[in-house]
Every structure is written in structure tokens, then in C-alpha cells.
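Participant: From first to last, the protein sequence lines are chains U and G. Just so you know, my numbering puts the end of the first sequence at 419, numbered straight through with nothing missing. Just so you know, my numbering puts the end of the second sequence at 95, numbered straight through with nothing missing.
Just so you know, these hints were derived from the structure itself, not from any lab.
Heads up, incomplete: computed chain U residues facing chain G, CB under 7 Å, no partners named: (1) 243; (2) 244; (3) 252; (4) 254; (5) 256; (6) 257; (7) 301; (8) 302; (9) 304; (10) 305; (11) 306; (12) 345; (13) 401; (14) 402; (15) 414.
Calculated pairs, DMTMM-like style, for lysine to aspartate or glutamate (alpha carbon to alpha carbon, straight line, at most 20 Å): (16) 50(G) <-> 207(U); (17) 65(U) <-> 32(U); (18) 65(U) <-> 28(U); (19) 58(U) <-> 32(U); (20) 98(U) <-> 144(U); (21) 394(U) <-> 408(U); (22) 58(U) <-> 34(U); (23) 50(G) <-> 250(U); (24) 50(G) <-> 210(U).
Don't be surprised by glycine CBs; every beta carbon is placed ideally from N, CA and C.
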Amino acid sequence: MIRYSALSLLRQGFAGHGGWPRAWRDADPRPDYDVVIVGGGGHGLATAYYLARNHGIKRIAVLEKGWLGGGSVGRNTTIVRSNYLLDANAAFYEHGMKLWTRLSRDLNYNVMFSQRGVLNLAHTDAQMEAFARRGNAMRLNGIDAEVLDVPAIKQLAPLLDTSAEARFPIVGGLIQPRAGTARHDAVAWGYARAASALGVDIIQRCEVTEILRDTKGAITGVETTRGRIRAEKIGLCVAGQTSRLAAMVDLPLPLETHLLQAMVTEPVKPCLDTVVTSGAAHCYISQTDKGELVFGGDLDGYPSYAQRGETPLVEHVCAAAVSLFPAFSRLRLMRTWGGVMDMSMDGSPIIDRTPVPGLYLNAGWCYGGFKATPAAGWCLAHTIAHDAPHDLVKPFALDRFARGATLDEKGAGPTPALH
Amino acid sequence: MMLIPCPWCGPRPRVDFSYGGPDPADHPRPADDAPLEAWTRYVYERDTPKGSARELWRHAAGCRQWFVVERDTVTHEVAGSHPLPGAPRPVGEDL
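Isolated chain G, as found in the complex (with noise of 0.2 Å):
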């Protein structure tokens, strides 16, 4: 089983999370008044990369956070995971 490597509560099996589609920063949300086309891509289109992906996941049976984990869609190798813009910063980081 993958072992995703949550950024404040270490490193937990991978039923403990939920996968929430694709890193923000790669898929950004358009202006609210963005053309039709724009929207059309936001919600419905995906990338689905094969190999290296940036994701968004969720600690559902721990924390709670959202937060991005970089993982291989190939071998489900996991490479690391940080926490998104303007999170709570995990415990263990400099105050």
C-alpha cells in the first residue's frame, strides 16, 4: 500500500486519505466572470498525466488537511508533499 506522507501528521497508509483531482497551482481556478471556455476547463478537463503528477489529497481519517502530494501514476511511488498556500504550517517547522 502507498504510504503518503501527510505534512503534519507523518507519514500514514494510504485509506487514510482521499484523492481531490489536481494541484491548484497547476489547474487554477478562472476569474468568476472568466469566458465560458475557461470554466468548461476548470470543471470538466483533466491532464491525467502517466508518470510524475502534482495532486491534491486529503488526510480524511486524520487531520483533515488538504494538502499536494507528488506521486508516479505508474509505480504509485510516492516523492514528498507539501502543504498549500497559506495552510496552518506543519508541526516540526521553524516558528
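Chain U extracted, bound-state conformation (with noise of 0.2 Å):
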């Protein structure tokens, strides 16, 4: 692996670029592994890498079913931050901002993390007393949050209408200063190539078709397209599909897989320099380095497995959009695509050892598994080396729902579709 550096630019200039080595190598399966993570995304690619690195575990391998960041590490918004209310939320969130302001430099990859920071707008009294409440608490948790009135928000972003005529009228925001966001491709390569570079077997087009356990029940390897593999600790990071892995060891979860829909619109000049949602419309807005506004919205809003979504979502999204921002409505959409999530129970995640002994769960991020992506590799590898939970993710135990201590930011109660 050559390192990345302004030199070895210089010097691959010089010779024409046809001295790039791959980034990272496109391995076939061994016999057998000490821990095998299923699900080349981001989280599986950081959690190898963080077995690598922070545990010094050797054999280890990514199953990937299709090709390396092809799921949901490919088709979020890539919107980081860590504006959560609850402690435990929080706590972990923040560890991953950390990671993030520090990334492209562990990695020697350039994520291009951005922190533009991320406004959340408010349209009534109620949400601006909820926002400041929020904003109170992060900062009670260290946490940076400002509360702005409207020629604050209109300083910050001139071509969103907050005109008392706006179809939704802004009466304030929260913004969280360094949050923003990160290349979504960069951060599954980045990973890929850093873990590869300590050892680790990256192999795509494999799908694990069972999952092997000895007479006890405990974990001995897998089954895959790929033939088998063998090891004693396993790894799922498989948004969207978890819920079908675990059914193969008799695993029920509090999990609904939803499709959620992203877009985006031809490439326009630089005009928005931040990241703004807005919760009452359903919509949430950035600018990508190339010029195209990137819009996300709700769930579609029933289970479903298709990464691929229907118009009226899009639809309602558009509208939102440009009730906000006037100035997008003559723009035209390049792309809409879809992507599958775990959505838990309460909204929040599960990283936590299960039942069947060898087999860790990381799990239930809902929308926001991208800007986890860091910590939570971090706190996986930590609970798959030590068979014991990261304290960061204690809170986020498979059992929380049976002890009745869920993690509701929203309080919107066991209907997944609803966080």
C-alpha cells in the first residue's frame, strides 16, 4: 500500500498515475477466521478495522453479499451529527463526532468531513420549547448547540424562505456547529482499505446462507455462497437484513425492516453551506461538493426488503423542499434510489452481545446508522474482543425492552415506522 501524502501525489504525477496500487485487496475466503464480521458496509468495515487496530485480532474476515458499500453506507444523506437528547444517546454520538473530526487522518483516506453544521428548524412555539430543551441537554452533555431566532437562520441560509407567508413558517432553529457531513463512498473505502492494509479479508459476493453451531449452540461458523467458513465469533452489520440473519439461529428481534428514499437534483453553484431539516415538513436538505442538493424525507412507511421506493414519497419530499427553499422549484431531479434499515422498536440501536454464544448484534439504527458508522465499529470490536459490552453501548442492550428501559428519543412508543 503506497501512503497517501501531497509526495506520493507529486510522485505518481510525475509518472503518469499508472503506479496506484489497488486500494484494497478483493480477497477469497479462508477455512477459517477468529472472527468473522457478515456485511461489508460501513459498520462491518469499521468494526474489522477496529479489531484489527484497537484489539490486535489477525484473522479476520468481511462477508460482503454484493460489492463493498453497495448498501446502505451507499445510499444514505450522509448527514453526521450527535444532537441527541438522552444521556446514553449522546454519550455515543459524541465519541463517534471524535472519531470523525479525526478520521481522513486515521485512515489516511479523505472522507471529506465537513462540519457545516446542521439546522434544525422550528415551525411552531411547542418545537422551539422542545429544541431548546434538546440544545439545553447537549450542552449539559458537552455537546456544542445554538438556539437561533429567524435572522439568524436567514444569515445563515439567505435562500430559505422565512417570510411569515412561508407555506411553513420558521419561527427558530437549533443548530449543532460541528455537525455536517462526510462522503459516504469515502468512508466504506477508507475503511476497506485500512483494514485491509492490517490483514483483514474483505470478500464480496459472499452471502451467508446459515449460520453453524456446535451441539451447545454455540457459533462455529457459517455456511455462504462461497462455501464454508469457519469461526467462533461473528459479527452481523447488516442493516436491513438483520432480522433474516438472526432468524436463521431462532433470533426474534424488535426490528422492522423500512425503505427510506433519498435524491438528488442536477449540480447548481454553491448555495447552501449547511445542512437543514426540517422535522414538521418532513424533509432534510445539504449541498454536495459537486453542486447537488441531496433531499431526504420520511419512511415510506410500511416493511418492506426493495431498496426501491414510490412516487409519492418522493413527491411529498419535493414539496417540502421547496416550501422551504422557493428557489429549487426549477430545478430538476437526477436521481431518487432507496436503501432498507432496521428500524428498532424505540429509535435507538442495539450493539450488545445475544443468547447464542459467539454471535454479537449490531443492529436497529433506523435512520441514522451512517454517522454512527465510526463508534460504532468502535464499540462492536470492542464487545466482539472482550465478549463484554463497550460502556459506551451498555444502554443499547438487546434486553433493554424486556426491562422496559428503551431508549425513546421521540417517545413515540413500539411503532417502528413512527422514529
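Both chains come to you apart, so use the hints to assemble them.
Facilitator: Next comes the structure, spelled out in C-alpha cells:
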């Protein structure tokens, strides 16, 4: 592997850029490993990287049924934030935020982390009160938060319709200035390259068809479309498919698989240098470095594994975006796409051991899996290496539902589509 | 868009309806004094089938009846629907 630097760029530049090696090894499966991670997305690759780097585990495989980064890590809207109300979520995502700020250096790969701020818009006084409460909770947890009035919002995003005549008049907002966006594909490739350099085998087109156990029920390996692979520890990082894999070991989970869509417009000159979200209008918007405006919205609202959505939701998101930014009404949509995710019963994730010895769970990320990539990998790696949950994810235990210790940010109750 | 056949109103676009969980026949409510595990299973755990599924839907922007839809969660193909036990009989059925 060549270390990426100004010097190596210069050297390769003089040599016509013909000498760059592949970023990571497309490995063939070996018969046995110490740890097998199922899922070659952001979380799986981050887990493998931290297992190798933080815990010195040598023989690690990441199994991906499709191609690297082709699932939710390549389908999200790239937002990174830690603006949570509940202490457990705040501590976990803030740990992630700190990993994000040095991730490009850690991985020697530019993940284009841009701390452009994430602004939540309030359209009612009651929402403003809730934002002030959350902002205060964030500051008590050492996380940056500022309540903004309308003139401050107008200055931050001049194209936003802040007039009283707006379809959903804006009364204020809450911003986390350190939040922002990162290049999602670069996150997947950066972790893949760094993990591969530490000896992790990344195995594509390798779908798990069976989870193997001994007579006592402990994990012994997996059967895959590329043969049997032995391992005593398996980590599941398969957003949207977790329930299917858990069903192989008869483990019912507090999850539903739902469909979320996103879309981009044609590229335009820089016009929005922060992330704007409106929970009331069901829309979040940012501008990519290429100039496209990225829109995301709500779930389609029913269980689905389709990875493609329906047009009414696209129309709804665009209507919301145009009501917030009337200037965007003449842009054309370039692409829309969908991804599937584990919606959990309280809107918070699960990172834990399971009742099956050797099987570890990383699931239930709802809308928020992308921003959690470094912290989830970090904590799952610890949980696997020590066979005990990392302190930060003890509140994300699988048995919290039975104990009544749910982490429900919105107070929406056990209806996954509402989180 | 999916067309969902409401047993009372006929086929209507999906946006008329809201999803309400698994078919109660597959996911029955436990007895009031059932053990905690049974209630945890009922309130929190879901089978999340991939492929053919039986689900509870409501004609929210129509007759507001709850009923069961048989639907494929991969292709979004709707195979059929039927009323819940004890519901009023759909129009057109023999009285």
C-alpha cells in the first residue's frame, strides 16, 4: 500500500499515475478465521478495522453478499451529527463525532468530513421549546448547540423562505455547528483500505446462507455461497437484513425492515453551506461538493426489502423542499433511490452480545446508521474482542425492551415507522 | 404505487392506507396475566418476513376499517385482502 500524501501524489503525477496500487484486496475466503463480520458496509468494515487496530486480532474476514459499500452506506444522505436529547445517545454519538474529526488522518483517506453545521428548523412555539430543551441537554453533555432566531437563520441560509407568508413559517431553530456531512463512499473505501492493510480479508459476492452452531448452541461458523467458513465469533452488521440472519438461529428481534428514499437534483453553483432539516415538513437538505442538492425525507411507512420506493414519497419530499427553498422549484431531479434499514422499537440501536454464544449484534440504526459508523465499529469491536459490551453501548442492550429500559428519543412508543 | 384492495371500498392507491403491524392471527395478544416474555414478544418483537407477509392495514383516508393485506415485501405485489374476524361484512357479499 502506498501512503497517500502530497509527496506520493507528486511522485505518481510525474509517473503518469500508472503506479497506484489497488486501494484494498478483493480476497478469496480462507477456511477459518478468528472473527467473521457479516456485511461489507460502513459498520462492518469499521468493526473489522478497529478489531485489527485496537484489539490486535489477526484473522478477520468481512463477508459481503453484493459489492463493497453497495448497501446503506452508499445510499444515505451523508449527515453526521450528535444532537441527541438522551444521555446514552449523546455520549455514544459524541464519541463518534470525535472519531469523525480525525477520521481522514486515522485512515489516511480523505472522507471529506465537512463540519458545516446541521440546522433543525422549528415551525411552532412548542417545537422551539422542545429544541431549547434538547439544546440545553446537549450543552450539559458537552456538545455544542445554539438556539437561533429567524434573523440568524436568514443569515445562515439566505435562500430559505423565512417570511411569515411561507407555507410552514419558521419561528426559530437549533444548530449543532460541529455537525455536518462526510463523503459516504469514501468512508466505506477508507475503512476497507485501512482494514485491508492490517490484513483483514474483504470477501465480496459471499452471502451467508446458514449460521453453524455446535451441540451446545455456540457459533462455529457460517455456510456461504462461497463455501463453509469456520469462526467462533460472528458479528452481524447487515442493516435491513438483520432479522433474516437472526432467524437462522431462531432469535426474534425488536426490528422491522423499512424503506427510506433519497434524491438529488442536477448540480448548481454553491448556494447552501449547511444542512437544513425540518421535522415538521419531513425533509432534510444539503448540497454536495459537486453541487447537487440532496433531499431526504420520511420512510415510505410499511415494511419493505425492496431498496426502491414509490413516487408519492418523492413528491412529498420535493414539495417540502420547495416550500422551504422556493428557489429550488426549477431544479430538476437527477436521481432517486431507496435503501432498507432496521427500524427498532424505540428508535435507538442495539449493540450487544446475543443469547447465542459467539454471535454479536449491531442493528436497529433506523435513519441514523451512517453518522454512527466510526463509533459503532469502535464499540462493536470492543464488544467482540472482550465478549462484553463497551461502556458506551451498555444502554443499547438487546434485553432493554424486556426490562422496560427503552431509549425513545421522541417518545413515539413501539411503532418503528414513527421513529 | 401499490393498489390495495379494501374489502369494503375496492382497490385504492396505497397513500389512502396506513400500515399497522402484523396480522393479529400470526401475532396474537397474550392473556392479561401471561408472563413477561410473552408480552415482550407481543409488544416488541417482529418476524419481519422477507417475501410473502400478512399485515394489518387501515383504510385511513377512506372507510377507516382495519383489515388484513397479503403482500410481498420484496416485490410490493399485493396478493389479496380480507376483513378481520367479527368485522362488518363487505358490500356485495351475500347477506
